[in-house]
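**Q** Single-letter residue listing:
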Amino acid sequence: MTKQQANWSPYDNNGGSCVAIAGADYCVIAADTRMSTGYNILTREYSKICKLADKCVMASSGFQADVKALQKQLAARHLIYQHQHNKQMSCPAMAQLLSNTLYYKRFFPYYSFNVLGGLDNEGKGCVFTYDAVGSYEKVGYSSQGSGSTLITPFLDNQLKSPSPLLLPVQDAVTPLVEAEAIDLIKTVFASASERDIYTGDKLEIVVVNADGIRREYMELRKD
Amino acid sequence: MASKQPENSLLGPEADSQRTLYPYVTGTSVVALKYKDGILMAADMGGSYGSTLRYKSVERMKPIGKHSLLGASGEISDFQEILHYLDELILYDNMWDDGNSLGPKEVHNYLTRVMYNRRNKFNPLWNSLVLGGVKNGQKYLGTVSMIGVNFEDNHVATGFGNHLARPILRQEWHENLSFEDGVRLLEKCMRVLLYRDRSAINKLQIAKITEEGMTISQPYSLKTYWEFSAFANPAQGAVGSW
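The listed protein sequences derive, respectively, from chains A and B. FYI, in the UniProt record's numbering the residues of the first sequence are 1 to 223. FYI, in the UniProt record's numbering the residues of the second sequence are 1 to 242.
Just so you know, the hints here were simulated from the structure itself, not pulled from any lab data. Take these hints with a grain of salt, some might be off.
[Claimed, not checked] The list that follows gives simulated cross-link-like pairs (lysine-lysine, DSSO-like), each with its CA atoms no further than 27 Å apart:
{"#": "1", "chain 1": "A", "residue 1": "K124", "chain 2": "A", "residue 2": "K87"}
{"#": "2", "chain 1": "A", "residue 1": "K202", "chain 2": "A", "residue 2": "K72"}
{"#": "3", "chain 1": "A", "residue 1": "K105", "chain 2": "B", "residue 2": "K121"}
{"#": "4", "chain 1": "B", "residue 1": "K135", "chain 2": "A", "residue 2": "K72"}
{"#": "5", "chain 1": "B", "residue 1": "K203", "chain 2": "B", "residue 2": "K36"}
{"#": "6", "chain 1": "B", "residue 1": "K188", "chain 2": "B", "residue 2": "K62"}
{"#": "7", "chain 1": "B", "residue 1": "K135", "chain 2": "B", "residue 2": "K66"}
{"#": "8", "chain 1": "B", "residue 1": "K105", "chain 2": "B", "residue 2": "K66"}
{"#": "9", "chain 1": "A", "residue 1": "K222", "chain 2": "B", "residue 2": "K36"}
{"#": "10", "chain 1": "B", "residue 1": "K105", "chain 2": "B", "residue 2": "K62"}
{"#": "11", "chain 1": "B", "residue 1": "K139", "chain 2": "A", "residue 2": "K72"}
{"#": "12", "chain 1": "A", "residue 1": "K222", "chain 2": "B", "residue 2": "K139"}
{"#": "13", "chain 1": "B", "residue 1": "K121", "chain 2": "A", "residue 2": "K72"}
{"#": "14", "chain 1": "B", "residue 1": "K36", "chain 2": "A", "residue 2": "K202"}
{"#": "15", "chain 1": "A", "residue 1": "K222", "chain 2": "A", "residue 2": "K186"}
{"#": "16", "chain 1": "B", "residue 1": "K188", "chain 2": "A", "residue 2": "K222"}
{"#": "17", "chain 1": "B", "residue 1": "K203", "chain 2": "B", "residue 2": "K56"}
{"#": "18", "chain 1": "A", "residue 1": "K51", "chain 2": "B", "residue 2": "K139"}
{"#": "19", "chain 1": "A", "residue 1": "K72", "chain 2": "A", "residue 2": "K51"}
{"#": "20", "chain 1": "B", "residue 1": "K105", "chain 2": "A", "residue 2": "K51"}
{"#": "21", "chain 1": "A", "residue 1": "K138", "chain 2": "A", "residue 2": "K124"}
{"#": "22", "chain 1": "B", "residue 1": "K105", "chain 2": "A", "residue 2": "K202"}
{"#": "23", "chain 1": "A", "residue 1": "K186", "chain 2": "A", "residue 2": "K124"}
{"#": "24", "chain 1": "B", "residue 1": "K223", "chain 2": "B", "residue 2": "K188"}
{"#": "25", "chain 1": "B", "residue 1": "K188", "chain 2": "B", "residue 2": "K56"}
{"#": "26", "chain 1": "A", "residue 1": "K202", "chain 2": "A", "residue 2": "K222"}
{"#": "27", "chain 1": "A", "residue 1": "K72", "chain 2": "B", "residue 2": "K105"}
{"#": "28", "chain 1": "A", "residue 1": "K202", "chain 2": "B", "residue 2": "K139"}
{"#": "29", "chain 1": "A", "residue 1": "K138", "chain 2": "A", "residue 2": "K160"}
[Claimed, not checked] Here are the computed distance ranges between Cβ atoms for each label pair:
{"#": "30", "chain 1": "B", "residue 1": "Y55", "chain 2": "A", "residue 2": "G212", "range": "53 to 63 Å"}
{"#": "31", "chain 1": "B", "residue 1": "T52", "chain 2": "A", "residue 2": "N157", "range": "51 to 61 Å"}
{"#": "32", "chain 1": "B", "residue 1": "W226", "chain 2": "A", "residue 2": "K72", "range": "42 to 52 Å"}
{"#": "33", "chain 1": "A", "residue 1": "S135", "chain 2": "B", "residue 2": "Y49", "range": "44 to 54 Å"}
{"#": "34", "chain 1": "B", "residue 1": "S51", "chain 2": "A", "residue 2": "Y39", "range": "23 to 33 Å"}
{"#": "35", "chain 1": "B", "residue 1": "W226", "chain 2": "A", "residue 2": "I197", "range": "30 to 40 Å"}
{"#": "36", "chain 1": "A", "residue 1": "S9", "chain 2": "B", "residue 2": "Y55", "range": "21 to 31 Å"}
Just so you know, even glycine gets a beta-carbon here, dropped at the ideal spot from N, CA and C.
With the hints as constraints, model all of the structure from the sequences given.
**A** Written out as structure tokens, the structure reads:
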């Protein structure tokens, strides 16, 4: 008698794309609002974006139950940090915490593909990009999720980020102003919705700057 | 730890596991929508044992506390266990005797955590749950799957309902449906499921939950029409052996 194999998977891919772009004094984080499973759409209005701290916002796509659990974990840890340090966590601090939290489950990973965006301690935009087990890097812009293969090359073309290997170290943040970056995001998602079946319905854009956090929406293709 | 089995054991593939491998007695789709005064939910009363229709009076929708209604598809025994957990949750909530009571959002969150934690232990509760309710005028309708995927929406369905009912609901649902319109819409969905879902039976209940409370209808059946010409001679025009 052969050993029975598992006939259910603890993972599922609920799809969707996330993008973040860092500017000189702002950060734009965006994600579509479609949640799918297989060839079905579960809902058209699910937010993949989560505010972790005053100046720190995360967008995650992948397996929604893991994403939710991860968001809850980080929110709880942030609350403890606030109790202990009497201040909000900075974006770079949250970036490290996210990496550690992901690696903690290295042998039963959170199936969550994250981009973290916000302002660093000097008020400059920063974006951190992750894989499912916590490997991360500070970049000028990033895309994760089902549409990332379509979006990243276009962002590379438009944002011309210098190589992080160059010396002297060059700034990765884009010289674009906030309005231009938002426009680029809208273009990028409209394009991704054309060809990626898991991206569409509605685009949620979150902008973090010195004035605080604001939210914008744009309709996307629903097919 | 492997258990020692005699040669004539009937356990088969389950011999080595203490965890859920397959569902046994299952319920099929649950469909629910928000309407003007609250939530309407429908489920048939069938409990299938594989391809056998073993039980024909299974109530797959139950009230939870004062404000919520839970519908389940999937393994019936796991649903009963969830009801047991919820009994304890509601009991402790009542024991506080502080005028506060768990609303549908809270119950849905609790269920999501329970389902996700069981999935983490590789021993899932084999259900897809629909949780609806009204509290303080706020309507709530959410769903959670056996691996913990959860969301809320204006209309939800489990299993085959996702394939057959959701498209109808997307087309015809709108804000502030009247009770009659809501029931008509749910019946339309359940009728399609009856025609096309092999596990569906023609004995269903519709449950309503509003700020005032929860009511569940007596079991009844839908009118069906089998005289469509395609049904009369389904093989007409079909070339070949299948």
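**Q** Tell me, which hint numbers fail for this structure?
**A** none
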